[in-house]
Amino acid sequence: MKTALVGGKIITPFRILNDGVLIIDDGKISELGKSSDTKIPKNCNVYNIEGKMVCPGFVDLLTHGGAGFGFADDSDESIEKISRYLLAHGSTTVLASLFAKPEKLLLKDLRRLADYIDDHPKTNIRGIHMEGPYLNKQLKGAMNESYLWKPSVESWNKIWEASKGKIRIMTIAPELPGAVGVMQAAAKVGVVLSIGHSMATYDEVENAIDNGAAHVTHIFNAMEPFHHRHPGIILGSLLHTELKIELIADTLHVHPAVMELLIKLKGASGIILVSDSIRAGGMHEGEYEFADQKIYMKGKKAFLADGTLAGSTLTLNAAVKNMVETAGARVTEAVRMASLNGVKVLDLDHKKGILAVGKDADIVIMNDKYEVDMTILGGKVAYDRNAKDIN
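Numbering (our numbering), first residue to last: 1179 to 1569.
Since the hints were derived computationally from the structure, they do not count as laboratory data.
Dumping the calculated DMTMM-like pairs for lysine to aspartate or glutamate here, alpha-carbon to alpha-carbon at most 25 Å:
| # | residue 1 | residue 2 |
| --- | --- | --- |
| 1 | K1558 | E1255 |
| 2 | K1180 | D1203 |
| 3 | K1499 | E1549 |
| 4 | K1529 | D1203 |
| 5 | K1529 | E1420 |
| 6 | K1442 | E1384 |
Ranges of calculated distance between the beta carbons of each label pair, as one might list FRET restraints:
| # | residue 1 | residue 2 | range |
| --- | --- | --- | --- |
| 7 | F1481 | K1315 | 14 to 24 Å |
| 8 | K1366 | L1417 | 24 to 34 Å |
| 9 | D1296 | G1477 | 35 to 45 Å |
| 10 | N1335 | N1564 | 40 to 50 Å |
| 11 | P1280 | K1212 | 50 to 60 Å |
| 12 | V1224 | N1335 | 47 to 57 Å |
| 13 | V1224 | D1388 | 52 to 62 Å |
Here a beta-carbon is modelled for each residue, glycine too, at the ideal position from N, C-alpha and C.
Produce the complete structure using the sequences and hints provided.
The following block contains the structure:
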């Protein structure tokens, strides 16, 4: 049966179509236009969404978990719980993020996630972001220092094989001995390389770009501060359009004024909003765990005992809100940062990230407070705030 979304404010995300109609047929967008110009088919499931925002489904390229669960848990149930949590916040395309562990355990995590993705073709989990294990111990952030690996092509080959080709992004410190060889091997099989947890100099950033780097992981965090005589990752990421920056827009990891500066310097096409959420996301204040370390959550802030930020409790609908309300982004820009920019990284922009005829019906509907009322995945309602349960 066809589905019609009627009366909403459609954010394409390049323009806004007020009082719009979007019709879904067989998992695709079949019609899109103004209410006055679009005829609603007979025998159609109609949703009146007057006053709501209709956006492309959000794309979260860096999330470790939420709702009390983590992708590194030894459980398919955890993956399912996180998937549902993220759908409830509008994320229809997700890279499950893993952190460094001892070899045997990390390879097991990779195999489990890869098998889950293969066994669930309609899930919103579309691949893996391997945050590590080749990170600089001096800027480890909340990573467990004892679990970090020395870069080698041999160990990378084990990681890639265990992932069954599901790693889409890998965060790496390019200055480490052996890192360039790993980057070259990963780039050759299509992995997007992201500079992070790194002390790379400006020259090393340029060399990383030449060897496949295309991203910077959670800009400003787990990297040296900007210095006018010793430029590093921050200046490299701002000057080089080859590098897209991943931004945790929770106003804690990066000040709103700096987020505003990033929009001016990188433009809406150069920023990708990510949550970097951990299991504490969506939960009450208290103690949690990350990489076998205690994490504390107070307010919306997650941190280690020494105060180091440890991921976030952010969701992408909240990130869009923050970009608009605290950083001065236009809503079209903020939605683009949370949708189209991410699917471009995954080479899915011919199918997703834009509301247009022929595109996949991955859609999020929000109210004027940026709360998610409904998430549609592949043309089917995957989350409805007013429904008791969606299978």
